[in-house]
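Quick mapping for you: the protein sequence lines, in order, are chains Z and D. Residue numbers for the first sequence follow the working numbering, beginning at 1 and rising by one. Residue numbers for the second sequence follow the working numbering, beginning at 1001 and rising by one.
Just so you know, the hints here were simulated from the structure itself, not pulled from any lab data. Keep in mind it's a predicted model, so treat the numbers as computed, not measured. C-beta atoms are modelled at their ideal positions from N, C-alpha and C, and glycine is treated no differently. Worth double-checking, as some hints may not be accurate.
[Said to hold, decoys possible] Taking lysine-lysine and the DSBU-like style, the derived pairs with C-alpha atoms no more than 35 Å apart in a straight line are:
(1) Z/Lys255 x Z/Lys94
(2) Z/Lys94 x D/Lys1507
(3) D/Lys1046 x Z/Lys507
(4) Z/Lys255 x Z/Lys305
(5) D/Lys1507 x Z/Lys255
(6) Z/Lys255 x D/Lys1466
(7) D/Lys1305 x D/Lys1046
(8) D/Lys1255 x Z/Lys466
(9) D/Lys1305 x Z/Lys255
(10) Z/Lys507 x Z/Lys305
(11) Z/Lys466 x Z/Lys507
(12) D/Lys1285 x Z/Lys305
(13) D/Lys1466 x D/Lys1507
(14) D/Lys1305 x D/Lys1507
(15) D/Lys1094 x Z/Lys466
(16) Z/Lys94 x D/Lys1466
(17) Z/Lys507 x D/Lys1305
(18) D/Lys1305 x Z/Lys94
(19) D/Lys1255 x D/Lys1466
[What the hints assert, rightly or not] Cβ pair distances, simulated, as ranges:
(20) D/Thr1227 x Z/Ile581: 42 to 50 Å
(21) D/Asp1455 x Z/Ala265: 20 to 28 Å
(22) D/Asp1190 x Z/Glu222: 57 to 65 Å
(23) Z/Glu608 x D/Thr1304: 47 to 55 Å
(24) D/Asp1453 x Z/Gly26: 51 to 59 Å
(25) D/Ala1589 x Z/Asp86: 25 to 33 Å
(26) D/Arg1136 x Z/Asp3: 57 to 65 Å
(27) D/Ala1589 x Z/Gly480: 29 to 37 Å
(28) D/Asn1296 x Z/Ile273: 56 to 64 Å
2 protein chains.
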Amino acid sequence: MGDHDIWRELGQQLRVDSIRSSAAAGSGHPTSSMSAADLMAVLISKYLHYDFGTPDDPRNDHLIFSKGHASPLLYAIYKAAGAISDDEMLTFRKLGSRIEGHPTPVLPWVDVATGSLGQGLPISVGVAYAGRYFDRIPYRVWTLCGDSEMAEGSMWEAFEAAGFHGLDNLTAIIDVNRLGQTGETMHGWDLDAYVTRARAFGWHAIPINGHDVGEIDTAMAEAVATTGHPTVIVARTEKGHGVAAVANVNGAHGKPLGDPEEAIAELGGIRDISVQVPRPEGSDKPHVFATDGPLNLPAYEIGTKEATRKAYGDALVALGNARGDVVAIDGEVGNSTYSEEFAEAHPDRFVQAYIAEQQMLAYAVGFQVRGWRPFAATFAAFLSRAYDFVRMAAVSRANLVLAGSHAGVSIGEDGPSQMALEDLASMRAVHGSTVLYPSDPNQAAALLAEAADRDGIIFMRTTREKTPVIYQPGEAFPIGGSRVVRSGDDDRVTLVGAGITLHEAIKAADTLAGEGLRVRVIDLYSVKPADVDTLRAAARETQAIVTVEDHLPEGGIGDAVLDALADAPERPVVRKLAVRIMPGSATPAEQLAAAGIDAEHIVAAARELAGARAGAEA
Amino acid sequence: MGDHDIWRELGQQLRVDSIRSSAAAGSGHPTSSMSAADLMAVLISKYLHYDFGTPDDPRNDHLIFSKGHASPLLYAIYKAAGAISDDEMLTFRKLGSRIEGHPTPVLPWVDVATGSLGQGLPISVGVAYAGRYFDRIPYRVWTLCGDSEMAEGSMWEAFEAAGFHGLDNLTAIIDVNRLGQTGETMHGWDLDAYVTRARAFGWHAIPINGHDVGEIDTAMAEAVATTGHPTVIVARTEKGHGVAAVANVNGAHGKPLGDPEEAIAELGGIRDISVQVPRPEGSDKPHVFATDGPLNLPAYEIGTKEATRKAYGDALVALGNARGDVVAIDGEVGNSTYSEEFAEAHPDRFVQAYIAEQQMLAYAVGFQVRGWRPFAATFAAFLSRAYDFVRMAAVSRANLVLAGSHAGVSIGEDGPSQMALEDLASMRAVHGSTVLYPSDPNQAAALLAEAADRDGIIFMRTTREKTPVIYQPGEAFPIGGSRVVRSGDDDRVTLVGAGITLHEAIKAADTLAGEGLRVRVIDLYSVKPADVDTLRAAARETQAIVTVEDHLPEGGIGDAVLDALADAPERPVVRKLAVRIMPGSATPAEQLAAAGIDAEHIVAAARELAGARAGAEA
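The task is simple: from the sequences and hints, build the whole structure.
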């Protein structure tokens, strides 16, 4: 057989295997797999360079299914490439199988989890950017996109970013099968709609018949030969192609075929073609950035004032000096987050994401695919724009650090649109996440250094205002720890704060001490994991706890404290001071007062609780 | 003076007033206001039809500042239009002033809060859609966009949606002042970059010099005259135009001018021009959709099984029958969320948002601007894509209902990308939100009817699986209430669940009852606000509480219970059962077991806690 015949046969095999695995599972997306089978048959036979035996080979290309629901096709590819057995393929969607409903990196050939549409392409841009500007080796990124997901704005953030950077090592393939989950997409088979948009965003675009292996071959060759621009192959296909019962039929999304045996027969039966996927070529080694000696964190003098956001920038520069793998991204607010310091010190390792927070997260996820250690920053409020990307980054087992500045009402005059008041809650509710909220710049620097070595999604909340330096440079602040900054044998109330509110709590403690009311003050800089032992000790040893946070009452510091004490045998009354109003504009001090989280309100709460319990005991 | 001279003078006044208010505040974005002053001068003098004395007049046009940081310009317009006094304008950013740092609807002429970039245009699409298809009256929507925010994917969701629907009552004006917060935008003054993209998305695009009032006049006339397509005016402007110290100077973003007096002199001094903004014309009244008698909610028979997501669809149809103001939107998963039932019953009031969740939220926010009552649905996991829009909707004081289906691991085989496990946390942490999690279809229907009359952001979490009907049709389920579904005088442990886990708790209670261990079971269908009284009674009357939720441990049902008991004088041990693993694929029952939230794990926890305390008491 000639190449075309082999590719056509392989396409049929990929269809048949997609049908088989979905039938075995009793669920799945075979029709969305069948539309793209010919595209993938040609790709893996001739264009993808990948050593399935050595998935960590940096020279490998990257194959990312942005349309993650076409997982049966991906697994059929892995089988054809000899990476998994037919038996394993048929464990699709079963308990304990790594052949999950949507791809995740429990499989070594999967870079990132997909299945939330509109993420695979933006992340691919990140991988391609890393190849071009960090690794500086010529691997290519091939990304299979669905036509439905082209409605996601994040896809256009990706088109914009890849076009802007001229990432000619990236090829997107849009599987235009016309049908979404419930009906026709906005553009149906109007290939020109996609071509025009893609070209407007600076891409080379090639419309083809996605079931003609010759056209596919030509288009992929053209993609590889195109320089200066990323390429998108806009492929007209049929959903369920090859099986009359489901081909181009609405209502056949996301379910196994009604009669898989007949469908397999219609496709010519089961095949067992093995594909020799081309191996990566050349002996290029990834670029390594020079470093500048051991880590030398910035130091701030006790008694001075500095903002933790500034410490973020300073410490990030230090990390970049000491580690060549540290890279940074910002959402066009680098003079607010202080990412600009890293951009100046390490321009080759800084990426401007512009005001596109989803792409910012996607860069981070893509960079860490290649082993880079990304730090991404914007206002904490605007990380909410990329929350689904954060959620999926956890499913991708990604390791990255997010820094959110300008948290809470204490930003002052700008008003509620710029205030993160839900970030602790949303970031705590990410699987395996770490949530840090430093109260002091030396602490922020120390925590950032720890974060650089920690797995998972690490979120650091920083403060706009300058706050007093209360810790010495070089002090240790383990993640999962806390600091007891005021304590004595006769503490009657415990105050728990972090960030801006720790300083209010300290002021309150000093006021109360002047009145003879001893209070303990805990700096809960590690909100997740929280320091359960220290909190439980406070619960045993004091008669009430006041938590105070520049955040909504739900899901933040107060809830972290309650959680730490949930199944403790003893637990005193806990009063949560938090932002229960909708703030407007005002000075930082006025905001803290209006929200009831300043020293005065803490004093009042502590007095009341000490008095109430004292009265009850009397 | 001729019109052009007057407009130029008005433009200068708007600049001067932007400088004055920012100087009085000591912060703000005067330079971002100055670039768009001429555009707005022409708009409010000739094209905007608006009665500032009657902001609720449905015939009014809508003026939305997508670049909300140009608020000094907006307030200068309000002053010029006689809506606010000069004195009030100068309260900009002061405590208690409604002249906030970024616009919010505490001002009656502000439709929605902006300041998180990339939201004003998508919401404008919603308002324009409502005008065309719901209200059916010819008001226009004028939206001032920044060039920096064109990097947000949500802007392209809006371009796609408006182009697709041919919203010729919408005009976007892009203020291409070249400079973002930290430097030049991706496209600088390359107007063609925007024009080409906009045309590719089906818009009529007009590039102009944004400081030439004649060109502005011509472009706006052309926008009004254009039918079948929305229009974008792409205006080349200078940031800080008119004042040499800041004009087209990087680094002058987001701060008052260094020498406001000199700048005002350079602009020709303070003016006090009053603008006669054209009034709305005609006597069109908004369309009213016919209704079909009183509310007749669906009924499900005890002993049968049905999914709460199905009840959502059924009840939404009933609401649509009874109320002409109910409209629905879906993110192209209507056969999963059951929005499809509404789409079929009330096609004129259903909007397909396709897979663009940010635009889906923006439609909802835009619709409620005009008094429509929107219900928007997708998988709960994918609402995370629009989290910033939800956050800002609260700042907009929007009233809308979100339904998130396919919550938790109990969806089964599809795997973690499709599972909402953080939605309760993120939605609880929205100011003024209501979070509902019905356990039964009759309850879901009743709650949806209540949600339709409730202010704020209401989130209803629904379940993919069919669960037993346990309540009678017509029973009342007040928001803020709960149901005690098992109880007795000698309850030793309380189980708290909702949705899928309530049924596991009931099974567990029955098992435990067979062993002689009496447990109370609370259906916490209203997660926020939670039923504090019932939970506190359980805390007093039983020796331990087990919470069980198909959600991460942070910010969900367990934390809501702990919060309700936080400052209660008595509180037993609380054990939180929640999803602490990263799930894979498996059947729903296997998933619940693997996550430790099925009946068996509840039984074990209850036994342990009852035994432990009993032992301690012995």
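State the violated hints by number, sorted upward, taking the hints as numbered earlier in the document.
Result: hints 3, 4, 7, 12, 17, 19, 21, 22, 24 break, sorted rising.
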